[in-house]
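Protein sequence lines, in the order shown, are assigned to chains A and W. Counting from 1, one number per residue, gives the positions in the first sequence under the working numbering. Counting from 495, one number per residue, gives the positions in the second sequence under the working numbering.
Derived from the structure by calculation, the hints contain no laboratory data. Where is the CB? At the ideal position from N, CA and C, for every residue including glycine. Treat each hint with caution, since some may be false.
[As the list claims (entries may be wrong)] Straight-line alpha carbon distances no greater than 20 Å define the calculated SDA-like cross-link-like pairs of lysine to any residue that follow:
#  : chain 1 : residue 1 : chain 2 : residue 2
1  : W       : K717      : A       : L14
2  : W       : K717      : A       : Q24
3  : A       : K318      : A       : T473
4  : A       : K194      : W       : S744
5  : W       : K717      : A       : G21
6  : A       : K194      : W       : L653
7  : A       : K5        : W       : S744
8  : W       : K717      : A       : L16
9  : A       : K194      : W       : S650
10 : A       : K5        : W       : L653
11 : A       : K194      : W       : V584
[What the hints assert, rightly or not] Covered stretches of chain A (in silico footprint by chain W; criterion: 3 or more residues with CB under 8 Å from a CB of chain W, positions within the stretch not fixed):
#  : segment
12 : 3-15
13 : 20-26
14 : 136-146
15 : 253-264
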Amino acid sequence: MSRSKRLSLVALALVLLVTVGIIQEPLDFLRYDPASKSGLQPANIIDKDKKETSLLFDLSLQFIGAAAIGMREAVASLLWVRADEFFHSGEYEAILPLVRIVTWLDPHQLDVYSTGAWHLDYNFTDSEERSDRRYIPPAIALMREGIRNNPEIYDMYFDLGWMHYLQKIKDYDNAAYWIGEATKRDAKDIMTGKTMSRPGFVRRMYAHACEKSGNLDEAERQWELALAEMEKNLREKRENSFYTEVDVCKKNLGLMCLRKAWRYGDIAAYERGIKVLETLGNPDPRQEQATKAAKAELVKWKAIGKMPRDIDPPVDAKLEIKWKKIKSKVILVEGTANLLPSEYYKNLVSEPYTLWYQENQQLPPERQEKWRTGCKLRILLADYDYDYSKLSDQDRFDWEIDKTQTVLMDEVAIYNGKFSIKLDMSKDPDMYSFSKDKYKLVVWFNPQDAPDHIQDRIGWNGEGLTDAKYLDTKTRPGVKMLRAEFVLKKSDIL
Amino acid sequence: MVIWTIAKTTYREAMRKKILQVFLIVALAMIVLALSFTQFGFQRDMTIVKSLGLTIILVSGLIISLTIGITLIPNEVDRRTIYTILSKPVKRYEFVIGKFLGGLLTLSVNIWLMGIVFIVMLAIKAALIGEVSTGPAGFVGDVRPETYKVQIFDPSMLLGILMIYFQFFLLSAVVMCFSVFMTPTVNFFASFAVYLVGSAAPIWASLAADKEKTGLLVRGFYKVIHTIIPNFDYFNISNRLIHPHHEVRSLPLFVSESIAYALVYVCLLLIIASIVFDSREV
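Input sequences plus hints: build the corresponding full structure.
What follows is the structure, given as structure tokens:
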């Protein structure tokens with residue numbers, strides 16, 4: 001090769017080197033810069049907020065090596081298989097670091113977030129199967145991380161709202177918010193990523209969550225939307241399952257409207273409810289009879305121009321609560337509550353539809369229910385500074401909990417007007433360390449937690465409830481709940 | 495023409511290598527076996543099967559690129575056949591390019607053979623499953639899982655194999671460039687080291703951009719590493735492909751730019767190899 005030829009080749013090589021640098025700039029932006037929103041890189045490697053950058057260096061070399069040569073998903077999948085083995089062998093603690101590593105290696109494995117957060121929320125329990133509430137903030141933080149990494153699809157939003165806020169924490173406002181976010185997003189085909197219609201249960205659960213949180217107008221609107229969606233599916237796909245789905249929506253919508261009428265005297269809602277129930281595709285004979293009876297009632301109330309409200313007069317709960325130490329770390333909470341004598345169901349506006357009181361009266365005396373079952377009190381015994389409303393405040397998923405914190409939560413059913421529960425914390429010093437000097441015992445009844453037949457008498461938000469001692473309208477604005485708080489010293493418990 | 499003749503001869507010679515055949519058979523067997531994985535339900539199993547399949551192709555591609563590339567030129571020198579070739583009207587750069595293309599052809603056949611088997615096996619698995627349910631498991635009441643039909647052919651896996659192919663297209667050029675002046679053993683480790691460093695590009699990019707923790711000099715050092723060492727991480731997009739629900743607005747642009755990057759870098763490496771080989775006493 002001549003000297004001049006060689007020099008021109010060297011020059012060409014330099015030009016190519018510069019070209020490589022030029023091509024690299026936009027590639028680096030697409031690949032590594034979060035601002036590009038391309039998502040080609042796990043977000044936590046380069047994070048402008050610097051929340052997760054150090055994580056890379058916390059990992060052992062084999063993970064960095066495996067991740068570096070493109071085996072990230074395979075390693076994550078195999079680690080998750082290992083986590084499954086830990087679960088079945090009862091080594092629950094060992095799963096948590098794996099959840100961290102797997103979600104770092106592969107931030108789009110949805111079920112790792114779902115299963116990991118469920119595991120945190122439900123599987124760490126004391127000797128009496130009460131879950132360790134200290135794991136709820138990390139569970140929510142993990143789900144929110146899942147949402148940050150997978151914001152386009154409904155799955156993570158729904159799971160956070162349904163599994164955690166609605167089922168576990170019973171925070172209906174947050175449940176409605178997150179399930180509502182899920183209804184704004186579609187599903188994706190897992191093979192091709194093509195957009196698919198979201199499962200029908202998402203909107204139905206949003207309607208339920210709105211109803212639970214007391215947002216009745218939105219709940220009704222969502223039931224109407226859910227019904228329209230299912231009717232459209234039925235028209236387009238003609239699958240048998242959609243007949244059932246349409247009837248599920250109609251029954252829920254119709255019944256909710258009737259309840260609005262019975263509880264709050266809303267004749268217009270009564271009319272809407274009857275209209276919907278009359279179009280049920282496949283009603284059972286009892287349903288048909290109930291709808292007819294309710295329609296006859298509607299005619300009566302319309303003629304008068306107004307109707308009574310089942311929440312009147314308010315039920316006086318007459319709540320009485322006592323607590324005492326039985327032995328060290330064992331507390332007995334007991335008392336009485338006027339929730340809810342069967343007599344309070346006599347002559348309700350809803351009776352022609354439900355027929356509950358009439359059928360109960362026709363039973364032999366020994367089988368008659370004197371009290372309606374289903375009312376439960378929730379109980380919290382925790383450090384005095386523990387704030388149950390701040391469960392969502394943890395910013396970043398970290399499973400290391402504060403072992404000095406004591407939080408116990410349980411519930412007790414009111415049976416025949418009485419309740420009694422023994423809180424035995426003596427067998428689980430890891431969960432109940434009692435390191436602080438001051439504690440609080442909170443006992444409450446939230447009407448939003450109550451089943452439908454109880455709400456039929458006291459309303460969705462406790463409008464038909466009163467109590468001389470413990471009525472509380474401040475904790476949840478717009479909701480009349482019963483709430484008692486006692487301050488305990490360490491010596492009261494140990 | 496000369497280049498093509500050298501490439502064909504190199505390809506035939508490489509494909510006769512027993513070790514290569516063993517790698518290929520083992521890789522194909524592992525792909526087929528990976529598909530028998532059924533433990534967690536369709537969605538999770540497919541994630542595992544896809545990631546394992548792509549990883550098997552990736553690891554096999556890595557081994558094949560290294561084992562073929564390191565011996566391409568040193569073997570000709572050791573067996574003294576290079577004297578016969580160069581005594582004919584064959585220019586040295588033609589020899590280098592012909593050898594590279596021969597190696598590349600071998601790599602292409604191996605990777606695409608594994609790729610086709612992988613895609614066919616995935617389609618069979620999807621067809622056997624037929625329908626999957628969506629929605630969290632174990633729900634009661636109004637929350638009932640709904641079913642839908644699975645798409646049998648997954649085109650994104652083709653893209654995954656294409657990106658793996660270009661990754662090793664680039665690595666083959668690195669190995670080729672080293673092989674003109676290194677012994678096979680040294681070349682094996684040097685090329686593997688370049689591959690590891692180049693695959694860890696997110697780390698260098700992260701350190702080069704971290705103004706809070708690192709000084710200007712250190713950042714500059716990492717920036718140089720990030721720019722000079724071929725970036726193999728660009729071609730690792732399996733995460734996006736395994737989880738297609740994750741939207742990437744600029745994927746076609748990214749893929750085309752990555753391929754352009756590989757082409758330019760390979761040209762650069764072949765020029766360097768030609769210059770070095772030309773100045774070498776053979």
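Now for the hints, and whether the structure bears them out:
no.	hint	result
1	W:K717 - A:L14	18 Å, holds
2	W:K717 - A:Q24	12 Å, holds
3	A:K318 - A:T473	16 Å, holds
4	A:K194 - W:S744	16 Å, holds
5	W:K717 - A:G21	11 Å, holds
6	A:K194 - W:L653	16 Å, holds
7	A:K5 - W:S744	40 Å, violated
8	W:K717 - A:L16	18 Å, holds
9	A:K194 - W:S650	11 Å, holds
10	A:K5 - W:L653	39 Å, violated
11	A:K194 - W:V584	53 Å, violated
12	3-15	holds (count 5)
13	20-26	holds (count 5)
14	136-146	violated (count 0)
15	253-264	violated (count 0)
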